[in-house]
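First to last, the sequence lines map onto chains A and B.
1 is the number of the first residue of the first sequence in the numbering used here; add one for each residue after it.
1 is the number of the first residue of the second sequence in the numbering used here; add one for each residue after it.
There may be inaccurate statements among the hints.
[Claimed, not checked] One-sided and incomplete, this derived list gives chain B residues near chain A with beta-carbon spacing under 8 Å:
| hint | residue |
| --- | --- |
| 1 | 304 |
| 2 | 307 |
| 3 | 308 |
| 4 | 356 |
| 5 | 377 |
It should be emphasised that the hints constitute simulated quantities derived from the structure, not laboratory data.
Ideal Cβ placement from N, Cα and C applies to all residues, glycine included.
One letter stands for each residue in the lines below.
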Amino acid sequence: MSGGVDSSTVAAMLRAEGHNVIGLTMQLWNQRRLAGREGMPESVQGRCCSLDDVYDARRVAQQIGIPYYVVNHEERFERDVVRPFVEQYLSGRTPIPCSLCNNHLKFDQLLVVAQQIGADRVATGHYARVAYDHDRGRWLLKRPADVSKDQTYFLFGLTQEQLSRTLFPLGDMTKPEVRELAHRHGLAIAEKPDSQEICFVPGGDYKRFIDAYLAEQGESLPDTAGELVTTSGEVIGEHHGIHNFTVGQRKGLGVATGSPLYVIQISGASKQVIVGGDEHLYSRTLRARRVNLIAVDELQEPMRVAVKIRHRHEPAAALIERIKTEPTGEDEILVTFDQPQRAITPGQAAVFYNGDVVVGGGWIA
Amino acid sequence: MRRIYLDNNATTPVLPEVFEAMRPYFTERFGNASSIHHHGQETRAAVENARESVAQLLGCSASEIVFTSGGTEGDNLAISGLVAAGDHVITSSIEHHAALHACKHLEEAGCEVTVLPVNGRSLVDPADVKRALRPNTKLISIMMANNETGVLQPVEEIAKIAAEAGVLFHTDAVQAAGKVPIDVKRIGCHALTISGHKIHAPQGTGALFVKKGTQLRPMFHGGRHERSRRAGTENVAGIVGLGKAAQIASNAFARGDEKKMAAMRDRLQQGILAQVDEAGVNGEGAARVPNTANIRFDHIEGEALVIALDLKGLAVSTGAACSSGAIAPSHVLVAMGLRPDQARASIRFSLGKQTVEEDIDVALSLVPETVARLREISPRYSAPVKVGSQE
Chain A
1 MSGGVDSSTV AAMLRAEGHN VIGLTMQLWN QRRLAGREGM PESVQGRCCS
51 LDDVYDARRV AQQIGIPYYV VNHEERFERD VVRPFVEQYL SGRTPIPCSL
101 CNNHLKFDQL LVVAQQIGAD RVATGHYARV AYDHDRGRWL LKRPADVSKD
151 QTYFLFGLTQ EQLSRTLFPL GDMTKPEVRE LAHRHGLAIA EKPDSQEICF
201 VPGGDYKRFI DAYLAEQGES LPDTAGELVT TSGEVIGEHH GIHNFTVGQR
251 KGLGVATGSP LYVIQISGAS KQVIVGGDEH LYSRTLRARR VNLIAVDELQ
301 EPMRVAVKIR HRHEPAAALI ERIKTEPTGE DEILVTFDQP QRAITPGQAA
351 VFYNGDVVVG GGWIA
Chain B
1 MRRIYLDNNA TTPVLPEVFE AMRPYFTERF GNASSIHHHG QETRAAVENA
51 RESVAQLLGC SASEIVFTSG GTEGDNLAIS GLVAAGDHVI TSSIEHHAAL
101 HACKHLEEAG CEVTVLPVNG RSLVDPADVK RALRPNTKLI SIMMANNETG
151 VLQPVEEIAK IAAEAGVLFH TDAVQAAGKV PIDVKRIGCH ALTISGHKIH
201 APQGTGALFV KKGTQLRPMF HGGRHERSRR AGTENVAGIV GLGKAAQIAS
251 NAFARGDEKK MAAMRDRLQQ GILAQVDEAG VNGEGAARVP NTANIRFDHI
301 EGEALVIALD LKGLAVSTGA ACSSGAIAPS HVLVAMGLRP DQARASIRFS
351 LGKQTVEEDI DVALSLVPET VARLREISPR YSAPVKVGSQ E
């Protein structure tokens with residue numbers, strides 16, 4: 001229970017259906033830690049894990065009459081989500097903390113807590129569907145009815161065990177229907193706005209966050225300043241740190257040429273940011289690492305799927321096949337798109353869909 | 001579901017007799033105790049009767065009792081009221097946050113504060129107190145009984161050291177009052193804090209003993225209530241409740257009830273330790289108040305155990321109620337030398353006057369099996385998260 005409309009409505013629905021429901025909020029990040037530092041906002045109201053949100057969640061629980069607890073997992077969240085977030089950016093990749101949070105906290109730690117306190121399953125307010133397919137003998141993750149709210153992109157890492165213990169009661173509903181239901185249950189938070197940003201980066205300025213976090217940790221920002229280079233190798237300028245860039249970025253390059261320039265590639269090793277015209281942003285292939293397969297056990301043969309390379313992206317037709325990388329010998333999946341895709345970004349996820357079924361996904365190398 | 005309450009160090013239920021004693025003082029006898037008319041006279045009488053009862057519980061005279069809103073106010077009033085800028089204060093690392101933060105506040109106001117460590121049984125060494133004395137030491141504040149472990153401090157020895165040095169001694173007796181007999185003369189303290197809701201009186205009540213002749217600077221300025229030591233219209237009904245609770249406690253000591261309490265606590269403690277291995281009492285070997293058992297259950301998360309037990313109807317806690325949800329493990333347990341994971345694996349059981357043998361039976365049937373289940377569930381219940389890192 002985050003204190004938001006979705007999870008609150010789930011709690012109310014399940015309670016009304018007669019289930020034995022326990023409300024849990026995971027305290028994951030202390031919003032006051034970096035408040036006021038290095039240009040971070042002074043007071044952080046109404047952000048996930050803020051007192052306001054816990055208050056809202058608790059009031060909803062009281063209103064619908066279920067036991068409610070707050071469990072603290074700040075240490076794990078910092079270790080498994082925040083730290084990797086900072087390190088990814090500093091290595092020239094664009095991370096997705098929400099997927100890490102799902103993998104490590106919401107569907108791992110939370111499920112452990114649930115089992116420990118005697119619960120069978122965890123229900124969340126995610127817009128997704130989970131169902132057991134008897135023919136395949138597998139739990140399937142599917143896209144929700146409201147595709148505009150589809151959160152399956154962030155859930156590609158869920159295992160069979162995790163899916164077997166998860167409920168997504170909002171999977172068949174649209175957002176307006178959810179708000180309507182919240183109203184019918186008389187929930188005070190029915191009109192609460194959705195939070196769209198990364199929960200621990202208030203205001204969305206991740207660069208400020210990285211500065212403030214490293215300062216708080218007593219670590220200096222690693223020097224990743226380097227050269228701005230064209231796709232033909234010509235050095236055309238300098239940059240102050242690779243974490244300031246993401247693939248496809250146009251602003252903030254500090255150089256003006258006749259035609260628009262975009263970030264094509266960021267090299268953590270050479271600290272170079274390679275820029276080029278729009279045409280250089282397109283690529284037909286990507287490699288996905290640390291793949292998690294849901295709909296199938298193994299990818300024995302190449303499969304035709306539709307692939308999302310970021311959350312806001314229309315799944316694009318592609319062929320996926322298993323390959324082995326040298327020199328690690330690790331299993332990876334090679335994705336070959338029918339049409340070149342724009343701004344494939346290392347650090348993001350490649351999630352494979354077969355219709356509305358999530359086949360699986362992995363991290364873009 | 002039958003609920004068993006074993007978290008009496010967090011708060012206690014108001015006893016029926018206390019409630020009955022308070023009842024007329026809401027709608028029938030409602031006068032402002034300072035009013036000169038009949039209505040004020042009758043509530044003034046009730047307040048002064050209550051004062052006598054509290055004084056009797058503590059072994060002092062009524063004029064030495066200041067009514068407060070509870071333990072936090074009492075600690076703050078004593079600590080800030082007995083000390084001035086430039087003074088030095090000695091306290092311990094296991095004090096309640098009310099006292100610790102009051103001392104920290106003093107530091108910001110220009111005082112020096114020494115925080116003494118404790119040993120593995122959370123005991124302050126009087127020799128450390130003596131060594132910490134400075135020419136400008138004004139106050140020593142060491143709690144009589146710790147709220148998390150129940151361990152009793154050597155307050156009489158410390159008071160002697162204070163007396164020899166001409167220094168004031170305050171003790172937070174919030175968790176000791178009503179559980180062990182208190183005689184402020186025998187202890188030798190200048191100030192002593194008690195809290196109503198820990199002795200079966202309502203929340204929002206309490207008292208501070210201030211030895212006659214001790215100069216105390218008030219925190220609340222206004223009327224001349226409490227001999228100008230604590231302004232504010234008296235919470236008559238609450239004070240009446242506190243007085244009745246004090247009386248009940250005094251009578252209970254006269255009957256030796258605390259021995260029965262200790263026996264029940266020991267049965268709970270022994271019963272748990274007999275059925276659960278890799279468990280131990282925090283503060284073992286030190287004298288404790290008769291109602292508290294702080295037990296460490298290795299390899300589990302105390303938070304999960306508290307929740308699991310609550311869902312079965314048994315109420316206990318992982319430490320002070322005030323620090324629920326805090327990141328840091330109990331400062332008391334850490335000061336005793338427990339590792340953070342051990343501190344987080346500790347549960348406090350605390351009995352009250354309303355606790356019966358049946359409650360202990362139920363607790364003994366629930367705790368071992370719940371601990372066993374938690375231990376069975378490994379930290380990673382499923383295969384390691386394979387898509388964890390993006391590396």
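Each hint, compared with the structure:
1. 304: holds (4 Å)
2. 307: With Cβ-Cβ at 5 Å, under 8 Å, it holds.
3. 308: holds (5 Å)
4. 356: violated (25 Å)
5. 377: holds (5 Å)
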